[in-house]
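First to last, the sequence lines map onto chains A and B.
The C-terminal residue of the first sequence carries number 432 in our numbering, and the numbering is unbroken.
The C-terminal residue of the second sequence carries number 1188 in our numbering, and the numbering is unbroken.
Label pairs and their calculated CB-CB ranges:
1) A:Asn-383 - B:Lys-1038: 24 to 34 angstroms
2) B:Glu-1065 - A:Asn-383: 15 to 25 angstroms
3) A:Asp-53 - B:Asp-1033: 13 to 23 angstroms
4) B:His-1168 - A:Ala-54: 22 to 32 angstroms
5) B:Glu-1065 - A:Ile-83: 27 to 37 angstroms
6) A:Asp-241 - B:Lys-1008: 51 to 61 angstroms
7) B:Gln-1128 - A:Asp-53: 45 to 55 angstroms
8) B:Lys-1038 - A:Asn-24: 34 to 44 angstroms
9) B:Lys-1146 - A:Arg-16: 33 to 43 angstroms
10) B:Gln-1067 - A:Glu-90: 31 to 41 angstroms
11) A:Gln-250 - B:Glu-1177: 30 to 40 angstroms
12) B:Glu-1133 - A:Thr-101: 52 to 62 angstroms
13) A:Ser-376 - B:Lys-1146: 46 to 56 angstroms
14) B:Ile-1004 - A:Arg-16: 32 to 42 angstroms
Think of the hints as simulated: they come from the structure by calculation, not from any bench.
Since the structure is predicted, the reported quantities are computational estimates derived from the model, not experimental observations.
Positions of the beta carbon are idealized from the N, C-alpha and C atoms, including for glycine.
This is what each chain is made of:
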Amino acid sequence: MAMTITEKILAKHSGRNSVQPGDNVWIDVDVLMTHDVCGPGTFGIFKREFGVDAKVWDKEKLVVIPDHYIFTKDMHANRNIQILRDFAKEQDLPYYYDVGTPRYKGVCHVAMPEEGFTRPGEVLFGTDSHTCTAGAFGEFATGIGNTDAAFVLGTGKLWVKVPETMKFIFEGEMPRYLMAKDLILAVIGKIGVDGATYRAMDFGGSTVDTMTMEDRMTLCNMVIEAGGKNGICTADKTTTDYVRARTNKQFELFYNDNDAKYHSVHHFNVNEIEPTIAKPHSPDNKAVVSEVAGTKLDRAYIGSCTGGKISDFMAAAEIMYGEKVKIDTFIVPATTDVAKEIRTLKFKDKTIMQIFEEAGCRIGDSSCAACLGGPSDTFGRLNGAEVCISSTNRNFPGRMGSKKSQVYLASPYTVAASAVKGVITNPREFFN
Amino acid sequence: MEAIIKGKAFVLGNDIDTDQIIPAAHLVYKLDDLDEKKNYGRYAFSGVPIEQSGLPQGNIPFIKEGQWQSDYKIVIGGKNFGCGSSREHAPFALQIAGIEAVIADGYARIFYRNAIDGAFVAPFESTQHLAKEIKTGDELELDTTKCSLKNLTQKKEYQLSPLGDIEHILRGGGIFEYARKSGMLAKA
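Chain B with its partners taken away, still in its complex shape:
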């Protein structure tokens, strides 16, 4: 996780489930094959009904036709982001697509845990419903140390909730690195 994450916002609504993040038909590609894993980026958020994709106006595809990386770097979601299945392919797909952080009102716990233990994307919690304030395409600057967010387009600033006990796992690079540093696992 970088100290500062700067880039365009992609805004979604409440209860974005893992079938919307990466539909089940696409869970078959190898996760460690350089070329094949691009498919996870290609189909990221392909399950979101198009009218709800890229709020507030909607009808904005997260990934442009024929591409596997997104123009957006930070996802703004509502409540219960990542609900549904335990598929780690969900935070992984967002990472492959180029997302570095998600900022949502709250998370379903398995998505949250997967995002942290695999250090795929940084899951921040907002203290207000930012999906109503921020527009898809707004330029954002997230300070992951201070947990603050600047909307450079709208010239507004927001404080986010502290990361809490999971911060050391996320900054350490995931559960394996954390366990090695803390002596639980032998160093590689």
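Excised from the complex, chain A in its bound form:
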């Protein structure tokens, strides 16, 4: 029977020859990821259900990455990290990335690929909705809650309903001023914040075929903002080169059958897509940047799993080179690896870091930081009625802190251009 990549992965992991959308199947889990916000609750349920002396099903398959509330005086947040630390010690976990050590990574969804934990054909669950980012590597990856994660910790299995797949085909060479973020904002604006609920979103076409892994990650990262269960890109040489450079583990590539059935197929010509923005207070409140150009801003923010990768900062540096920002501009490298690269990689004659410093940006330590508000002392948090443009993923009321604030979501190009001008600005102005 003809199947999509998502269907093939779920069939293999449930020990069946084939599955169909709507089937409820128990699947074997290859990797479970958790962090400081949901790890403590997950471990608590695990012990309640399997006993205080229980051991996790396979410590080689558990990755624990503190990343949310790291650089804060909040005692409860700090206690959560201590709970992770104690559990990692008790279970002798090989893949725990402790705060305050050289192992500390930062944002889990960017750290996971860096460390070789995202591999084609596998099943990855994480206690974070943006776990879907890893679909970029041709695997089934989705977010779950503490109870489900505790079930996986004890059994290595979980039930899933096989999703229908929606296909998104991008054709054409990416224009100089456009980024993957613009494409996914255009998709969410078209189908809405519940346009893919319960479904897989498959990204393909000649544009995606030529994309870097980081660009594919940006596409898959935001499928949850359309309600999607998982995002998926077909693994190719770009994928295998990236993964083989980071792990020796074997993996299997899956492809969509030519006659696979899709819920729907959506075509985009990237030359017809303009720099795109999501206005407050919803990721599907779409406008093209030129429609809202000139809107007064108080702050710009570049960071997170969506927009805090090295390619995101390189893009911002291209715009900010030799410029000064007119508004408070916060830079938060997703991981410590990204933070290192910012200090070494150059645009023209300057490192990215020099460009940001000379532009007057404030640079923070790697973590989720203000993307989701967090404790009141979080770097970059919106504590009042600020209007912010951000390379992050959500602009719900109060998402970045105060309910009085307003957040516009855009590509790192658009955020950087707007930081330099102090008002929402079309990055095309910088590419003439």
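Model the placement of chain B on the given structure of chain A, informed by the hints.
Then chain B, alone, in the frame of chain A:
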């Protein structure tokens, strides 16, 4: 899940995301500490802009100042209820606050799954946009077996969608109990 859930309605609009249900700054309290977990009730729906809290009139706080349990027992929502993050603290916070069921046009899938697998609140789907019909404070009676809802205040009755395959997990008390009953896990 009780066969009959009877109590006051709290009405909200579309796309109620998990940051509105329980803002991220409050995700730090212990979930299994009797006293500390009251904070999840205290801050439930504290992220909803106040003018949209308790429709149709709005400006009705879900939790009264200084309390951690709500006067309301059933939440009425619109489309895409529970969108956003995977935080299980969201259905948990509603349960701690005293909510037993949510009735919405539809759900974001992680919230829906968390509500069921942890058996925190019963997520029912309506067949029409009830948030326009029901007013905050109306007395409701939900029959979870027949999937029917009576508005005792307005003397109206509505049929809800059947719970489907998830009913046995919800009635069983969550994924662990379900797995034990079905033999997937050894009995405790």
